[in-house]
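**Student:** Single-letter residue listing:
There are 2 protein chains.
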Amino acid sequence: MAVAALSRREQNKHDKRARITAAARALFAHKGFAATTTQEIADAAGVAAGTIFTYARTKDDLLILVFHDEMLDVVERARKRALQQPRLRDQAIAFFNEIADYHERDLPLARALMRQLSYVESTDQRALVSQLMRRLTGHLAKLIDAAKATGEVAASRPLTVAARTLFAVYFLHLNGLLNGYLDRAQFERALTADFTLVLAGLAPARAAKSKIQ
Amino acid sequence: MAVAALSRREQNKHDKRARITAAARALFAHKGFAATTTQEIADAAGVAAGTIFTYARTKDDLLILVFHDEMLDVVERARKRALQQPRLRDQAIAFFNEIADYHERDLPLARALMRQLSYVESTDQRALVSQLMRRLTGHLAKLIDAAKATGEVAASRPLTVAARTLFAVYFLHLNGLLNGYLDRAQFERALTADFTLVLAGLAPARAAKSKIQ
Numbered sequence: 001m002a003v004a005a006l007s008r009r010e011q012n013k014h015d016k017r018a019r020i021t022a023a024a025r026a027l028f029a030h031k032g033f034a035a036t037t038t039q040e041i042a043d044a045a046g047v048a049a050g051t052i053f054t055y056a057r058t059k060d061d062l063l064i065l066v067f068h069d070e071m072l073d074v075v076e077r078a079r080k081r082a083l084q085q086p087r088l089r090d091q092a093i094a095f096f097n098e099i100a101d102y103h104e105r106d107l108p109l110a111r112a113l114m115r116q117l118s119y120v121e122s123t124d125q126r127a128l129v130s131q132l133m134r135r136l137t138g139h140l141a142k143l144i145d146a147a148k149a150t151g152e153v154a155a156s157r158p159l160t161v162a163a164r165t166l167f168a169v170y171f172l173h174l175n176g177l178l179n180g181y182l183d184r185a186q187f188e189r190a191l192t193a194d195f196t197l198v199l200a201g202l203a204p205a206r207a208a209k210s211k212i213q
Numbered sequence: 001m002a003v004a005a006l007s008r009r010e011q012n013k014h015d016k017r018a019r020i021t022a023a024a025r026a027l028f029a030h031k032g033f034a035a036t037t038t039q040e041i042a043d044a045a046g047v048a049a050g051t052i053f054t055y056a057r058t059k060d061d062l063l064i065l066v067f068h069d070e071m072l073d074v075v076e077r078a079r080k081r082a083l084q085q086p087r088l089r090d091q092a093i094a095f096f097n098e099i100a101d102y103h104e105r106d107l108p109l110a111r112a113l114m115r116q117l118s119y120v121e122s123t124d125q126r127a128l129v130s131q132l133m134r135r136l137t138g139h140l141a142k143l144i145d146a147a148k149a150t151g152e153v154a155a156s157r158p159l160t161v162a163a164r165t166l167f168a169v170y171f172l173h174l175n176g177l178l179n180g181y182l183d184r185a186q187f188e189r190a191l192t193a194d195f196t197l198v199l200a201g202l203a204p205a206r207a208a209k210s211k212i213q
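Protein chains in written order, with the UniProt record's numbering: chain A, 1 to 213; chain B, 1 to 213.
Don't take every hint at face value.
Because identical chains share one entry, a pair is satisfied inside a single copy or across any pair of copies.
Here are the simulated lysine to any residue pairs, SDA-like style, with alpha carbons at most 20 Å apart [what the hints assert, rightly or not]: (1) Lys-142 with Ala-35; (2) Lys-59 with Asn-179; (3) Lys-31 with Ala-154; (4) Lys-80 with Arg-126; (5) Lys-59 with Arg-115.
Rather than coming from a laboratory, the hints here were simulated on the basis of the structure.
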């Protein structure tokens, strides 16, 4: 019975987190991130203001919580969209286009998120960001690994390095897109050009003869 | 005389900007960015609070102004430090190590800056950021171009793409360093691993025979 009671308590905690995240998400979407207060989120979630602090110390921390939960789905969609492409470069472009679509749907929220990601203070939120990054680069690494089987990528290339280099290129250009330095077409052109370069570094060494062609 | 008068007015404006930037820099360093007010900066610079607004609308904007002026020197030092290395990969690592040294000297300020760079609102400050980025990637492009002459980089590789890919890698790992996800040794190892991959993509195609060696 002690186990069942603990399980119920855990379930209750999980439900509360889900209610708080959903309430925060809805308020951020409808009122805007800046205009929403943590008290409003607590009211909408039907919890005491103090309860919120069990899950997030600040509104910025709540943003990471919302983002983390949503992004797990987005990353899964990105993986599926990538798999519709036959070649690694186009897979990587499709992957990040899905994530960029998500950020473009609510620009002020995406900008608030980028601001928050520029420095993540609390240990809990850092763990969420790290977990999400591992998931995201993990999917990329799997795509790169599969490209080794087709001979598109040399067997000796380190997957983690390759995955994070692709992510680095995306991250810089996402910053450009959210800041308005790049429009969406320029963003996609920059991804294409830079990924082509990175994938040239991943490719198996070809015979000199074939390169002249 | 009209020209001389204009020139004096321009000179006066330039001096005021330098006084404001120096006062802001000193206060950020000694009191911290968060604790400094624009009124304190105006007082220290010996200008009216209203004068500040000619140069920056907010304290965040002032940070970009300070950063821009300082970074022009840092980028020049980075270029010189890079040129002490014979090979492109080590040049790129030396280049970004100099910039990372600058950011590590005042972590709270560097974090405030990253936060601000995540979204730059005013047109004037955006122009400063773009100008600095062009200077920085311009120096990198020159290093890459010089490596074409030594045969380290294939003549056909696009300089802009190569320079911004190196910057993208650095930018991601700088974020990791400032957030404490990476310590300085891990930061340098990550730069080395990722630059090695990017430079493999830049290298001229070698004969199949030489690759087997």
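**Student:** Which of the listed hints are broken here?
**Tutor:** 1, 3 and 4
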